[in-house]
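> Residue numbers (the UniProt record's numbering): 1 to 254.
No lab work stands behind these hints: they were computed from the structure.
All C-beta atoms, glycine included, are put in the ideal place defined by N, C-alpha and C.
One or more of the hints may lead you astray.
No more than 25 Å apart at the CA atoms, straight line, and that leaves these computed lysine-lysine pairs for BS3-like [claimed, not checked]:
| id | residue 1 | residue 2 |
| --- | --- | --- |
| 1 | Lys-209 | Lys-28 |
| 2 | Lys-110 | Lys-124 |
| 3 | Lys-48 | Lys-228 |
Ranges of calculated distance between the beta carbons of each label pair, as one might list FRET restraints [what the hints assert, rightly or not]:
| id | residue 1 | residue 2 | range |
| --- | --- | --- | --- |
| 4 | Pro-204 | Gln-41 | 21 to 29 Å |
| 5 | Pro-56 | Pro-128 | 16 to 24 Å |
| 6 | Pro-99 | Gly-6 | 45 to 53 Å |
| 7 | Lys-82 | Ser-170 | 26 to 34 Å |
| 8 | Asn-133 | Asn-54 | 20 to 28 Å |
| 9 | Glu-40 | Lys-136 | 27 to 35 Å |
| 10 | Glu-174 | Pro-204 | 17 to 25 Å |
| 11 | Asn-132 | Gly-251 | 36 to 44 Å |
| 12 | Met-202 | Pro-150 | 17 to 25 Å |
| 13 | Gly-6 | Asp-203 | 42 to 50 Å |
| 14 | Glu-105 | Gln-66 | 13 to 21 Å |
| 15 | Lys-82 | Ser-239 | 19 to 27 Å |
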Amino acid sequence: MARFKGKVAIITGAGSGMGRATAIEFAKDGATIVIVDLNEQGARETEKIVQEYNVPTKVIIGDISQKEAVQNIINSTVEEFKTIDILANIAGIPMTFTPLEEVEEEFWDKQMAINVKSAFLLAKYALPYLKNNDSKGSIVNIASIASVRPRPGITAYCAAKGALVQLSRSLALEVAHTGVRVNVINPGPAETPMLEKFYGNMDPVEGRKLYEDSVPIGRLCQPEDIAKMVAYLSSDDASFITGAVYNVDGGRGL
Numbered sequence: 001m002a003r004f005k006g007k008v009a010i011i012t013g014a015g016s017g018m019g020r021a022t023a024i025e026f027a028k029d030g031a032t033i034v035i036v037d038l039n040e041q042g043a044r045e046t047e048k049i050v051q052e053y054n055v056p057t058k059v060i061i062g063d064i065s066q067k068e069a070v071q072n073i074i075n076s077t078v079e080e081f082k083t084i085d086i087l088a089n090i091a092g093i094p095m096t097f098t099p100l101e102e103v104e105e106e107f108w109d110k111q112m113a114i115n116v117k118s119a120f121l122l123a124k125y126a127l128p129y130l131k132n133n134d135s136k137g138s139i140v141n142i143a144s145i146a147s148v149r150p151r152p153g154i155t156a157y158c159a160a161k162g163a164l165v166q167l168s169r170s171l172a173l174e175v176a177h178t179g180v181r182v183n184v185i186n187p188g189p190a191e192t193p194m195l196e197k198f199y200g201n202m203d204p205v206e207g208r209k210l211y212e213d214s215v216p217i218g219r220l221c222q223p224e225d226i227a228k229m230v231a232y233l234s235s236d237d238a239s240f241i242t243g244a245v246y247n248v249d250g251g252r253g254l
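The whole structure should be built from the sequences, with the hints applied where relevant.
Given below as structure tokens:
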């Protein structure tokens with residue numbers, strides 16, 4: 001179908017999990033893929049998979065919570081591919097159960113930096129290109145069902161993901177007249193390397209069962225579930241959708 005042929009997609013967190021699945025999904029549809037991650041080994045593994053679809057690729061390693069790194073991501077992409085059509089902000093960090101009184105300021109700041117500030121910086125520096133290409137651009141931010149269904153002991157994570165949702169909705173209003181669309185996906189518990197980090201000291205088998213049992217559909221979210229929704233929201237099929245928040249969570253948010 002190649003619905004993204006000729007389009008350039010920046011995907012953060014593409015070295016594993018949802019980010020890797022999203023890179024593959026876009027590659028299947030012909031997009032040029034910019035793989036962004038802090039983990040070079042994971043990013044290179046994704047690159048090998050994506051290149052099987054014979055699409056242009058680029059790997060950029062950097063800390064997306066830092067302005068200079070984000071500027072390099074945007075500038076390097078435009079220098080090589082001339083434009084940016086799609087920004088998928090998928091990178092994020094988890095949190096194990098920690099009472100608020102025990103949360104260190106540095107940890108709080110890191111949650112905000114990776115889960116919120118990075119999306120702000122990437123949008124800020126990508127928007128001039130998203131606005132000015134012929135197809136107009138799409139931004140999809142990955143938040144969490146925790147943004148609307150908060151749980152005790154992960155307050156910093158819930159606050160960061162909630163802030164990301166409101167950042168996205170506000171930006172959607174701000175740029176709607178330019179043709180750029182901004183949408184949000186709230187995944188439920190997902191079968192990714194990040195999930196076990198939420199378990200804390202819990203036995204991994206028990207932790208997995210706990211999360212599976214919390215999903216009415218009865219299974220964990222798969223990375224491909226999110227990747228397909230990112231692709232849909234970035235496509236022309238979703239050209240009248242902006243400022244929307246989609247819970248892809250198997251009913252966990254109900």
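> Hint by hint, note whether the structure agrees.
Against the structure, the hints:
Restraint check for Lys-209 and Lys-28: the C-alpha separation of about 33 Å exceeds 25 Å, so the hint is violated. Between Lys-110 and Lys-124 the alpha-carbon distance is near 20 Å, which keeps this suggested pair within the 25 Å criterion. Between Lys-48 and Lys-228 the alpha-carbon distance is near 20 Å, which keeps this suggested pair within the 25 Å criterion. As the Cβ distance of Pro-204 to Gln-41 is approximately 23 Å, the hint placing it in 21 to 29 Å holds.
Between Pro-56 and Pro-128 the beta carbons are some 22 Å apart, a value that agrees with the proposed interval 16 to 24 Å. With their beta carbons about 51 Å apart, Pro-99 and Gly-6 fall inside the hinted range of 45 to 53 Å. Between Lys-82 and Ser-170 the beta carbons are some 29 Å apart, a value that agrees with the proposed interval 26 to 34 Å. Against the hinted window of 20 to 28 Å, the Cβ-Cβ separation of Asn-133 and Asn-54 comes to about 23 Å, which satisfies the hint.
The hint said 27 to 35 Å for the Cβ distance between Glu-40 and Lys-136, and at roughly 32 Å that hint holds. Range check, Glu-174 to Pro-204: about 43 Å between beta-carbon atoms, so the 17 to 25 Å window is missed. Roughly 40 Å separates the CB atoms of Asn-132 and Gly-251, a value that falls within the hinted 36 to 44 Å. Evaluation of the 17 to 25 Å hint for Met-202 and Pro-150 yields a pass: the beta carbon distance comes to about 19 Å.
A hinted range of 42 to 50 Å for the beta carbons of Gly-6 and Asp-203 is consistent with their spacing of about 49 Å. As the Cβ distance of Glu-105 to Gln-66 is approximately 19 Å, the hint placing it in 13 to 21 Å holds. Taken as a hint, the range 19 to 27 Å holds for the pair Lys-82 and Ser-239, whose Cβ atoms sit roughly 23 Å apart.
Of the hints listed earlier, those the structure fails to meet are numbers 1 and 10, in rising order.
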